[in-house]
Structure formats: C-alpha cells, structure tokens
Amino acid sequence: MFVGVAFLLYGLDLSLSGEEGFARVNELLDSFLAKLIIWGILSALLYHLVAGIKHLLMDMGIGEELKSGRLAAKLTIVISVILIVLAGVWVWQ
Amino acid sequence: MGMAVNSVTNLGRSGVYDWMVQRVSAYLLALYTIFLLGFMLTTDLDYEAWAGLFSQTWFRIFSLGTLIALGGHAWVGLWTVSTDYIKATLPRFLFQAICGTVMFVYVVWGIQILWGL
Chain R
1 MFVGVAFLLY GLDLSLSGEE GFARVNELLD SFLAKLIIWG ILSALLYHLV AGIKHLLMDM
61 GIGEELKSGR LAAKLTIVIS VILIVLAGVW VWQ
Chain W
94 MGMAVNSVTN LGRSGVYDWM VQRVSAYLLA LYTIFLLGFM LTTDLDYEAW AGLFSQTWFR
154 IFSLGTLIAL GGHAWVGLWT VSTDYIKATL PRFLFQAICG TVMFVYVVWG IQILWGL
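In order, the protein sequence lines correspond to chains R and W. Residues 1 to 93 (this note's numbering) are what the first sequence spells out, left to right. Residues 94 to 210 (this note's numbering) are what the second sequence spells out, left to right.
Think of the hints as simulated: they come from the structure by calculation, not from any bench. Just so you know, nobody snuck in bad clues.
Chain W residues, not near chain R, derived (Cβ > 12 angstroms throughout): (1) 100; (2) 101; (3) 103; (4) 105; (5) 106; (6) 107; (7) 110; (8) 176; (9) 177; (10) 180; (11) 181; (12) 182; (13) 185; (14) 186; (15) 187.
Lysine to aspartate or glutamate pairs mimicking DMTMM-like chemistry, simulated, CA-CA at most 20 angstroms apart: (16) 35/R - 13/R; (17) 74/R - 64/R; (18) 35/R - 139/W; (19) 54/R - 111/W; (20) 54/R - 64/R; (21) 54/R - 65/R.
Virtual Cβ for every residue (Gly too), placed ideally from N, Cα, C.
All chains, full assembly: derive it from the sequences and hints.
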C-alpha cells in the first residue's frame with residue numbers, strides 16, 4: 001500500500017496537469033497491467049479499510065467478546081471479498 | 094515499580110501517543126477514502142469535474158491533511174512491524190530511514206500537485 005501511494009500520486013499529478021494529462025491517465029488505465037496494479041491497490045485499501053473500521057468499533061467496545069469477535073472477523077473477510085470483487089468489476093467494466 | 098520503555102524512533106515517544114495518532118489518522122483516512130470513492134462513483138467523471146474538485150481550497154486542505162495523516166499512520170504501522178520483525182539494528186534503522194524519506198517525498202510531492210508550484 002505504501003508503495004502503491006507512489007502510483008496514485010503519479011496518476012493524480014498527471015490527471016490534474018490538464019485535459020491531455022487526464023486523457024493520458026484514462027489511456028493508461030486501458031492497459032491490463034495498469035488495471036491489475038490499480039485493482040491490487042484498491043484490494044489492499046478496501047481490506048485495510050474494512051479491518052480498520054472493525055478495529056475502531058472494537059475501540060468502542062463492540063465485538064470484543066469471543067463470540068462477537070469471531071463474527072466480526074468473519075464479517076471483515078466477507079465484506080472485504082465482496083468489495084474487492086465489486087472493485088474488480090469497476091476497474092474492468 | 095513499572096518503568097515505561099521508550100524508543101527514540103517511535104513517532105510520539107510513547108505507545109499511548111502513537112495509539113492516538115493511529116486512531117485520529119485512521120478516521121481521517123477512512124473519511125477521505127469513502128468521500129473520494131463516492132465522488133468518483135456518483136459523478137460523471139471528466140477532467141472538468143475532477144479538476145474542479147481539486148481546485149477547491151477546502152478539498153486541497155482536506156487532501157493535504159489526509160496525506161500528512163497517511164505519513165503518520167504509515168510511520169506508526171511500519172515502525173510497529175519493523176521493530177517486531179527486524180531484530181538487527183542496522184537493517185531496521187535503514188528500513189525506517191527509507192520509509193521516512195519516502196513519506197517526506199510523498200508529502201512534498203502532494204503539496205506540489207495540490208498547489209501546482
């Protein structure tokens with residue numbers, strides 16, 4: 001993810017450089033490799049986000065018991081997988 | 094009598110402070126991520142809409158704040174991982190030095206993008 005930020009900043013820099021730069025980013029995102037990289041970054045980000053929200057909920061005392069903790073862990077995986085698949089659809093549509 | 098163990102390389106010089114940095118930055122990073130993904134999904138995204146968003150002063154401040162939060166968040170996270178798994182001092186120091194340098198570059202690069210210097 002930390003390395004992925006470099007790709008995102010590069011894309012942001014180019015996309016804000018003007019109409020041409022924005023079109024160039026769109027063009028780059030047509031390539032398989034770029035789609036794979038952006039999907040990889042989105043996957044890591046979404047999983048980290050979902051797991052992070054679980055942590056913040058645990059700070060509030062939600063999901064701290066064995067039973068609810070296990071459920072929260074499973075939910076984190078399920079929700080992340082769904083979001084990662086949706087992100088894949090978004091990237092490859 | 095208990096004594097706190099301090100390390101010179103952790104961000105806040107205390108675990109409690111690092112814990113707080115990690116939570117505050119987490120809320121900001123989550124908010125920004127959800128906002129930006131929501132914007133991209135609900136807007137017919139062309140250059141005008143994209144550049145329009147990033148020309149707003151409030152969004153530039155929000156973006157820079159998030160980038161700084163990312164620096165702190167990544168430092169606390171990578172510091173925790175590196176102190177757990179890289180036992181030898183020199184490789185750990187080098188890893189942390191590289192991470193710190195990259196973070197600094199990200200923040201300065203971000204300022205340059207956002208304010209187009």
